[in-house]
Amino acid sequence: MRIPTSSVSEDQESSEEQVSGAVYSEMHQMISSIYAELHFMFKQDYKYDQFLGPEGNVDVELINKSANKYSLRFPTAGWYLWSATGLGFVVRDAVTVTIAFGSWSQHLALDLQHHEQWLAAGPLFAVTAEPEEAVAEIHLPHFISLQGEVDVSWFLVAHFKDEGMVLQRPSRVEPFYAVLENPSFSLMGILLRIARGTRLSIPITSNTLLYFHPHPEDIKFHLYLVPSDALLTKMIDDEEERFCGVRLQTSPSMQPLTFGAHYIVSNSAHLEIIPTELKLSYRSPGEIQPFLKFYAGQMKEPIQLEITDKRHGTLVWKTVVKPVDIQLGAASAPRTFSARWMYLISRGL
1 MRIPTSSVSE
11 DQESSEEQVS
21 GAVYSEMHQM
31 ISSIYAELHF
41 MFKQDYKYDQ
51 FLGPEGNVDV
61 ELINKSANKY
71 SLRFPTAGWY
81 LWSATGLGFV
91 VRDAVTVTIA
101 FGSWSQHLAL
111 DLQHHEQWLA
121 AGPLFAVTAE
131 PEEAVAEIHL
141 PHFISLQGEV
151 DVSWFLVAHF
161 KDEGMVLQRP
171 SRVEPFYAVL
181 ENPSFSLMGI
191 LLRIARGTRL
201 SIPITSNTLL
211 YFHPHPEDIK
221 FHLYLVPSDA
231 LLTKMIDDEE
241 ERFCGVRLQT
251 SPSMQPLTFG
261 AHYIVSNSAH
271 LEIIPTELKL
281 SYRSPGEIQP
291 FLKFYAGQMK
301 EPIQLEITDK
311 RHGTLVWKTV
321 VKPVDIQLGA
331 ASAPRTFSAR
341 WMYLISRGL
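In full-length UniProt numbering, the protein residues as written are 1 to 349.
Incorrect hints may appear among the rest.
Computed cross-link-like contacts, BS3-like style, restricted to lysine-lysine with a CA-CA straight-line distance of at most 25 angstroms [to be verified]:
(1) 220 to 161
(2) 69 to 220
(3) 318 to 300
(4) 322 to 220
(5) 310 to 279
(6) 65 to 322
(7) 279 to 318
(8) 234 to 279
(9) 161 to 65
(10) 69 to 234
Please keep in mind that the hints were generated in silico from the structure rather than gathered at the bench.
Work out the full structure, taking the sequences as your base and the hints as a guide.
This is the structure we're talking about:
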């Protein structure tokens, strides 16, 4: 007796689909857990010139420094993550990708954002792929906290093309990133569109960035309160490094913060802080980022810093900076900084 070919084929396809679906689900669980781990670890030393891949790291080549444009080739099928930016890809086969960074303010006016109740919710990436069909998914990072009254239907992918801005709903929204399946490529990023008349406090994940600048008599600190945008953090790191600033490792906020809210910064040593409060807002990487500063003399004693919600008075972040933190930070700084630090020490710091 002959087994019908069509029946065998259908059974095989069904079995393969089930296996493929199980593997696919397992892969996405792994991806989500890695994104969460990277977020909460909040490391300073992410490899900006490498993607994480299924067979190890994949090097990223800077091909145009002035345009901040990069190129790389994914050698095989699998999932790839640029931990320095939060951008990820799932590819079916080998593919060459180019990536550049954009600014929301250059493509979407602030007054239009306010009028339409749009909120830029992550960085902008100009992406191309060759061959394009090799990319099964692109994972675009966002900093919206998926809790409370946040509705995932508010999430949109904004494509900026020659004809203007085109909005597309993502295939799905995960904590820390949104997914486009079988994507077309352009300058793109995540945009939140809140229903008109809705008055909600939008919770976001955030980073508190604390830098110190050496001085023989008066150590200076800069503190930034920014959304959890890895690219934005990298740009601030680069700007601070230009002026010999070194970031100190600190803990993340105790809870999601509120976009547009004001936060008060205080300290245990009664040091003058200028200004004393910061508004949590989002400015694209490359734009001037607001920060506060204070001076701590020769830093003989620990300093406790706290951030509280101005409206509710709740404590949202705190840390303690000890003299040894400054010494260790200086020791791990780039060579040019270390040389300057040793020079200042020789002058009596």
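To see whether the hints hold, each was checked on the structure:
no.: 1; hint: 220 to 161; result: violated (44 angstroms)
no.: 2; hint: 69 to 220; result: violated (34 angstroms)
no.: 3; hint: 318 to 300; result: holds (20 angstroms)
no.: 4; hint: 322 to 220; result: holds (14 angstroms)
no.: 5; hint: 310 to 279; result: holds (10 angstroms)
no.: 6; hint: 65 to 322; result: violated (37 angstroms)
no.: 7; hint: 279 to 318; result: holds (17 angstroms)
no.: 8; hint: 234 to 279; result: holds (20 angstroms)
no.: 9; hint: 161 to 65; result: holds (23 angstroms)
no.: 10; hint: 69 to 234; result: holds (15 angstroms)
Of the numbered hints given earlier, the model fails hints 1, 2 and 6; all others are met.
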